[in-house]
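Novice: Okay, here's what each chain looks like letter by letter:
2 protein chains.
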Amino acid sequence: MEHKSEIIDFIKSRTSLEILQKIDEIHPVDFLEALTGSDEDPLTILEKLPDDYIAQLVDHADDDEKYDLLSLFSQNRKQHIIAEMSSDELVDLLGSIGSAEKDAIILSLDQDDANEVNELLAYDPTSAGGIMAKEFIAIHENMTVNATIDFLRDMAPASETPYYVYVLDQFHVLKGVVRLRDIIVSTPETPIKNIMIENIITIPVDMDQEEVALIFEKYGFMAMPVINDLGVMLGIVTVDDVMEVIRDEYTEDMFRLAGLDEEEKISGSISKAIKSRLPWLLVNLLTAILAAATVSLFEATIVKIVALATFMPIVAGMGGNAGTQTLTMIIRGIALGELTFENQKEILKKEVAIGLINGLCLGIVVGFLGYYWVGNVVFGLVIGTAMFLNLVIATISGYFVPVLLKKFKIDPALASAVFVTTVTDVLGFFFFLGLATLTINYLV
Amino acid sequence: MEHKSEIIDFIKSRTSLEILQKIDEIHPVDFLEALTGSDEDPLTILEKLPDDYIAQLVDHADDDEKYDLLSLFSQNRKQHIIAEMSSDELVDLLGSIGSAEKDAIILSLDQDDANEVNELLAYDPTSAGGIMAKEFIAIHENMTVNATIDFLRDMAPASETPYYVYVLDQFHVLKGVVRLRDIIVSTPETPIKNIMIENIITIPVDMDQEEVALIFEKYGFMAMPVINDLGVMLGIVTVDDVMEVIRDEYTEDMFRLAGLDEEEKISGSISKAIKSRLPWLLVNLLTAILAAATVSLFEATIVKIVALATFMPIVAGMGGNAGTQTLTMIIRGIALGELTFENQKEILKKEVAIGLINGLCLGIVVGFLGYYWVGNVVFGLVIGTAMFLNLVIATISGYFVPVLLKKFKIDPALASAVFVTTVTDVLGFFFFLGLATLTINYLV
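The listed protein sequences correspond, in order, to chains X and P.
Per the UniProt record's numbering, the first sequence starts with residue 1, numbered consecutively.
Per the UniProt record's numbering, the second sequence starts with residue 1, numbered consecutively.
Any given hint could turn out to be false.
Heads up, the list lumps identical chains together, so a pair's fine if it works in one copy or across two of them.
Stated by the list, open to error - In silico BS3-like links for lysine-lysine, alpha-carbon gap of 27 Å or less:
hint: 1; residue 1: 175; residue 2: 218
hint: 2; residue 1: 272; residue 2: 349
hint: 3; residue 1: 218; residue 2: 22
hint: 4; residue 1: 272; residue 2: 12
By construction, these hints were calculated from the structure, which means they are not laboratory data.
Generate the whole structure from the sequences, applying the supplied hints.
Specialist: This is how it looks when you write it as structure tokens:
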């Protein structure tokens with residue numbers, strides 16, 4: 001069932017028992033969409049659903065809607081729903097609400113769950129610990145296949161990984177992993193040790209989530225175990241959590257490059273959009289004023305040769321574009337871990353070479369353009385040389401600005417564009433108008 | 001084993017049998033890195049490895065290195081390695097080589113494999129059919145759990161999904177899916193029908209890969225079945241393939257916005273970088289010339305009030321920035337499917353409102369700035385009004401340019417930035433210098 005009206009009609013017309021039997025066939029994401037698009041009172045619809053399904057709905061809801069959804073229910077029902085949520089889902093929910101509501105929810109948990117949630121809350125939310133779940137299937141290394149199957153039968157089906165079983169020793173140190181598939185095809189007496197994969201790749205609990213995402217992309221795993229310094233297994237990260245991280249990081253990079261707050265939503269309110277964009281425009285205004293001030297130094301020259309004003313947009317535009325090309329390349333290289341300590345000199349050299357070659361090509365084209373437009377060879381030489389210098393500076397600043405920001409632990413995507421454009425605008429105008437001032441006698 | 005030197009030493013010092021027993025503990029990705037970083041002759045190292053492991057190495061290698069790796073081996077060994085590759089891996093390899101080599105490889109396959117590969121090659125490489133694999137575990141709906149376990153035991157371990165078993169009827173129409181976990185915890189006599197999930201979400205074979213990625217992100221699945229119009233199951237797409245799609249699409253969007261070819265690599269050659277960037281800079285030069293031509297219309301005015309030249313960078317800069325903000329928002333909204341037919345009018349209204357408000361704020365700030373800088377109220381009014389109009393036009397063109405490109409089936413990320421900047425530059429200068437020309441008697 002994927003169609004919105006179908007879903008709502010189904011819930012309205014059936015008994016709770018009928019719903020219970022069929023609800024597994026409606027994906028929570030589709031249910032949420034149907035509920036949002038429906039005029040029905042949400043509580044009337046939701047009341048008929050089982051607790052674990054509502055817990056899934058809360059998990060799949062947007063962060064700012066999770067608590068609203070939960071708040072529809074009575075205190076007692078709320079507690080039952082929360083009990084069905086896995087630790088990382090609960091932590092996501094708690095991260096989206098005020099501290100009073102948070103404390104109330106933690107107090108309502110049983111001791112074990114409260115301990116797990118408090119442990120997860122203690123990790124940096126952007127680290128492996130912050131995105132991992134505590135629900136994984138762990139068995140002891142001395143078990144057999146048969147004992148493992150019995151154990152799986154007894155377990156609640158809440159585990160996040162239905163495809164791997166983790167093998168721990170008595171101190172909870174991770175020894176290996178067993179695929180469900182190997183359990184199925186092995187004889188019952190087989191010791192787990194014989195079918196477990198040792199030496200598996202693990203994630204340290206304090207690893208940054210972006211790095212975690214890179215590891216998932218590199219190896220193509222479905223889930224990975226998270227361990228502490230002693231090798232004790234603390235939780236698992238699954239690929240669906242990682243996909244969220246990747247999407248968020250990409251959006252953040254793109255938005256920051258364009259001067260947008262990463263929290264801004266296309267369907268968000270106008271006031272939030274203004275708050276996201278106006279401050280950035282004001283920062284850019286300051287840099288534009290810097291460029292304007294550079295131009296104003298040469299007003300006396302411009303009065304004499306007004307064609308300089310005509311060519312100003314070409315100087316500024318081309319420098320900005322070339323700088324943005326290098327900048328985007330470098331930011332992407334940093335994000336994907338492709339710009340390393342070993343290759344950084346080579347990449348700088350390459351960018352400078354690109355600046356020299358592109359600068360030469362464009363310098364010649366624009367030089368001829370200037371010569372024909374104004375009818376003066378020296379004017380062509382001035383604009384051509386300025387274009388050449390500006391393109392070289394564009395690639396150099398396109399390289400150094402993000403690298404230096406990264407060194408000072410500032411996200412390169414955040415402020416790089418504004419710095420690079422400032423450099424190319426200010427120096428571009430300075431070279432162009434400065435050269436014109438030096439050669440003014442040959443221009444008029 | 002993750003360390004490069006450790007891996008190479010291990011291979012060099014051990015017998016083929018010892019290597020065979022331990023090779024599963026070295027991830028192919030790590031092996032490839034070790035091989036690239038090593039001075040050893042690659043063939044000496046690779047010869048000792050089993051065929052299926054070399055097949056994995058070929059699969060994990062970059063597209064342009066796959067065939068080189070394979071070509072190290074004799075014709076006979078090559079054939080054995082290819083036989084170990086899954087259909088989608090083989091199709092990736094074939095997509096990276098010339099048609100003569102391609103035909104030779106297809107001719108060397110047995111009839112079944114050749115049919116599968118030819119089927120996959122017939123699909124658009126950017127569609128679900130182009131990224132799916134033919135290797136999935138399919139059982140008949142009348143089987144029991146016990147029969148399924150026997151079947152799994154007999155199967156070659158090449159399947160791409162070790163976590164789902166697909167249930168088909170006699171016409172290969174997909175009826176449902178069974179989780180391995182449910183197979184383990186059910187009694188042997190249980191009919192598969194009792195534990196299978198029906199009404200599952202499927203992917204049509206001609207769906208675009210970007211849409212496939214959105215569905216994976218939305219639902220968080222590990223693998224999804226691909227079907228044709230009749231419901232016949234054709235293959236599966238797994239989440240690791242989708243992660244590649246997502247990364248490539250994101251890189252493409254970012255690169256195209258910045259005027260870079262999506263194939264350009266940070267560590268690629270200078271000549272490739274020039275080929276990627278110079279054409280784009282030349283396109284931008286044309287639009288910069290358009291802006292310059294607009295300015296040249298007003299040279300007579302600029303000669304009289306040279307402060308106009310000083311304020312030109314502010315007009316162009318702010319319009320470009322505001323346009324890029326809207327543009328990025330809209331491109332992201334299109335990519336994530338958040339800009340729909342239903343909400344597009346509302347979003348346009350919102351963007352216009354943002355343009356009006358930001359334009360008003362910046363118009364006032366820049367207006368006062370102009371007034372103080374030049375010491376003329378009318379100059380302040382002219383630059384303030386021009387700024388206001390430019391910001392409104394920036395948001396409107398930031399909305400319409402990507403939406404129209406999308407309508408004409410051109411990737412909005414590809415050309416939007418250049419169009420939007422052209423509009424804001426040309427109209428920005430036109431309003432600013434035009435207003436100044438109209439009010440020239442009050443300005444001097």
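Novice: When the hints from earlier in the document are held up against this structure, which numbers fail?
Specialist: Number 4 - this is the single hint that the structure violates.
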